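Enquirer: These protein sequences, in sequence, are chains S and L.
The first sequence begins at 1 in our numbering and counts up one residue at a time.
The second sequence begins at 1 in our numbering and counts up one residue at a time.
Quick caveat, the hints were computed from the structure, so don't treat them as lab data.
Just so we're clear, the structure is a prediction, and the values are computed from it rather than from any experiment.
Cβ atoms here follow ideal geometry from the backbone N, Cα and C, with glycine treated the same way.
Be aware that one or more of the hints could be misleading.
[What the hints assert, rightly or not] Over the 10 Å line for every Cβ pair with chain L, so calculated as not near, a few chain S residues:
id : residue
1  : ARG8
2  : ASP20
3  : VAL58
4  : ARG138
5  : THR139
6  : GLU155
7  : ILE221
8  : HIS227
9  : ILE235
10 : ARG249
11 : THR254
12 : PHE264
[Unchecked claim] Label pairs and their computed distance ranges (CB to CB):
id : chain 1 : residue 1 : chain 2 : residue 2 : range
13 : S       : ASP225    : L       : THR9      : 55 to 63 Å
14 : L       : CYS101    : S       : GLY246    : 36 to 44 Å
15 : S       : ARG136    : L       : GLN154    : 53 to 61 Å
16 : L       : VAL153    : S       : ASN141    : 49 to 57 Å
17 : L       : GLY12     : S       : MET1      : 22 to 30 Å
18 : S       : ARG136    : L       : ARG137    : 45 to 53 Å
19 : L       : THR9      : S       : ALA42     : 28 to 36 Å
20 : L       : GLN100    : S       : TYR181    : 23 to 31 Å
21 : S       : SER219    : L       : ILE159    : 52 to 60 Å
22 : S       : ASP209    : L       : ARG22     : 27 to 35 Å
23 : S       : THR242    : L       : GLY140    : 20 to 28 Å
24 : S       : ARG182    : L       : THR9      : 29 to 37 Å
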Amino acid sequence: MHRPNSIREILDILELHGEDARILAGGQTLVPMMAMRVASPAHLIDLALAHELHQFDVTKGALRVGAGVTQSTLEGWDQLALKQPLLEMMFPWVAHSPIRNRGTVCGSIAHADPSAEMVLALMTLGGSVTLASKKRERTVNAADFFLGALQTSREPNELIVSAEFPMQSAETGFGFAEYGYRHGDFAVVAVAVVRNGKSWTIGFGGVDDTVKVFRIEASSIGEVDEHINKLASTIEVREDPTATSGLRRHLMRTLGARAVNQAFEFKGNYQS
Amino acid sequence: MTEQSIHLTINGVERAAKCEDRTTLLDFVRHDLGLTGTHAGCEHGVCGACTVEVNGQIVRSCLMFACQASGANIKTVEGIARAGELTDLQVAFKKHHALQCGFCTPGFLMAADDLLRKNTSPSELEVREGLSGNLCRCTGYVGIVEAVLEVAVQRRNKIGDARA
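All chains should be modelled from the sequences, with the hints used to inform the complete structure.
Expert: Okay, here's the thing in structure tokens:
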């Protein structure tokens, strides 16, 4: 176990051991995987002491969340409902509070589970991920970062430094709906909606190997629902032991309608 | 395998020890410190039996390495009551039959204590949500929820009495 104090030290260790190393942020996914021997990294790099990673701020029109920021830290931020309402709606659905007390926003994104709420938020808001290696730093659009279920474009020598959730304009409405089998469990299907006038962005989590995002123009709720209805009938939808594709298509429609309605009636004090 | 020296405060007592990198906080608390009140259930973060408080926040001790807790202030179920006495929550758990086998109870006590500190007058739904990260295979949760709701009322009344 390495417990470096700075990003520079982390990048040095990654350069040396990247292939055999795993980043330990909150550990709420990695440690269970190690307990079940699914993962057995030779080197663990704990982010806890690298204080520069434990900050979040609003810069360049986005909420930038450092790699060490826990979900409960962000959830407890008194400005969250004003700055990033979609995340505020989602947090109660992210596992349970003892898990959110250690689990990080970026850790969830690094894990890239297509049912995870943080992944859905980043994709639907059109966010990005900033990665650093010893030689360079790069910012990747969420759509290019998530390659598949549990697969990202992160290189073995790279650290996810932060994730950026873009602010939307002042009149934007937000909606979120999810269905899971148990409270705090991963979503079977989750839907996030961002509405700006007649422009609607709709993200579906849990339906395929990556979050699916669609942008549509519509002048009424009925029209949006009709679009979702068509999408639910036509797009590729995963089938697995937890749910048939038919159930997932049904949930796309019902949860979609609920989230669309919520975004239409959204009356937050959203400040962009 | 490397070893680390760690130094932490547990239930108000400072302790120093050595542990392997791979030792979880759960195993460290039970095996090295001998505090077996914290229970090892699923050991992958699902059941909540191993819940402890680290720097004022409840966490799964099975999902944290002991060396990460170096310098931390930790409270386990042994730390919630004075020796020989039961806390109000423990009394209420007993009264409402909120435990049968008792395996999950340490985790529930830690989670309920945390819940009542954050929310002094929770609704039944809020209690159920607050405890949803803990599994009990005996009671069906009814007694547990009743116990927590009763303690919430008792604690509010106590504050009311103190102010009167």
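Enquirer: Please test the hint of 45 to 53 Å on the beta carbon pair from ARG136/S and ARG137/L.
Expert: Given range 45 to 53 Å: holds, Cβ gap about 52 Å.
Enquirer: Is 53 to 61 Å right for how far apart the beta carbons of ARG136/S and GLN154/L are?
Expert: At roughly 60 Å between Cβ atoms, GLN154/L and ARG136/S fall inside 53 to 61 Å, so the hint holds.
Enquirer: Verify this label for me: HIS227/S is non-interface relative to chain L, using a Cβ-Cβ cutoff of 10 Å.
Expert: holds, 33 Å
Enquirer: Measuring from beta carbon to beta carbon, are GLY12/L and MET1/S in 22 to 30 Å?
Expert: holds, 27 Å
Enquirer: Should the label of ARG8/S as a non-interface residue stand, given a Cβ cut-off of 10 Å to chain L?
Expert: holds, 21 Å
Enquirer: Taking the minimum C-beta separation from THR254/S to chain L, is that value above 10 Å?
Expert: holds, 22 Å
Enquirer: Is the Cβ of ARG138/S farther than 10 Å from every Cβ of chain L?
Expert: holds, 29 Å
Enquirer: The output says VAL58/S does not contact chain L. Does that hold with a beta carbon cutoff of 10 Å?
Expert: Since the minimum Cβ distance to chain L is about 25 Å, VAL58/S lies beyond 10 Å and the statement holds.
Enquirer: Does the no-contact call for ILE221/S survive, Cβ to all of chain L over 10 Å?
Expert: Nearest chain L Cβ is 29 Å from ILE221/S, so the label holds.
Enquirer: For GLU155/S, is the shortest beta carbon distance to chain L beyond 10 Å?
Expert: holds, 25 Å
Enquirer: Does the Cβ pair CYS101/L, GLY246/S satisfy 36 to 44 Å?
Expert: Between CYS101/L and GLY246/S, where Cβ atoms are some 40 Å apart, the hint holds.
Enquirer: Would you say the C-beta atoms of VAL153/L and ASN141/S sit inside 49 to 57 Å of each other?
Expert: 52 Å Cβ-Cβ, so the 49 to 57 Å window holds.
Hint check: no violations occur; every hint is consistent with the structure.
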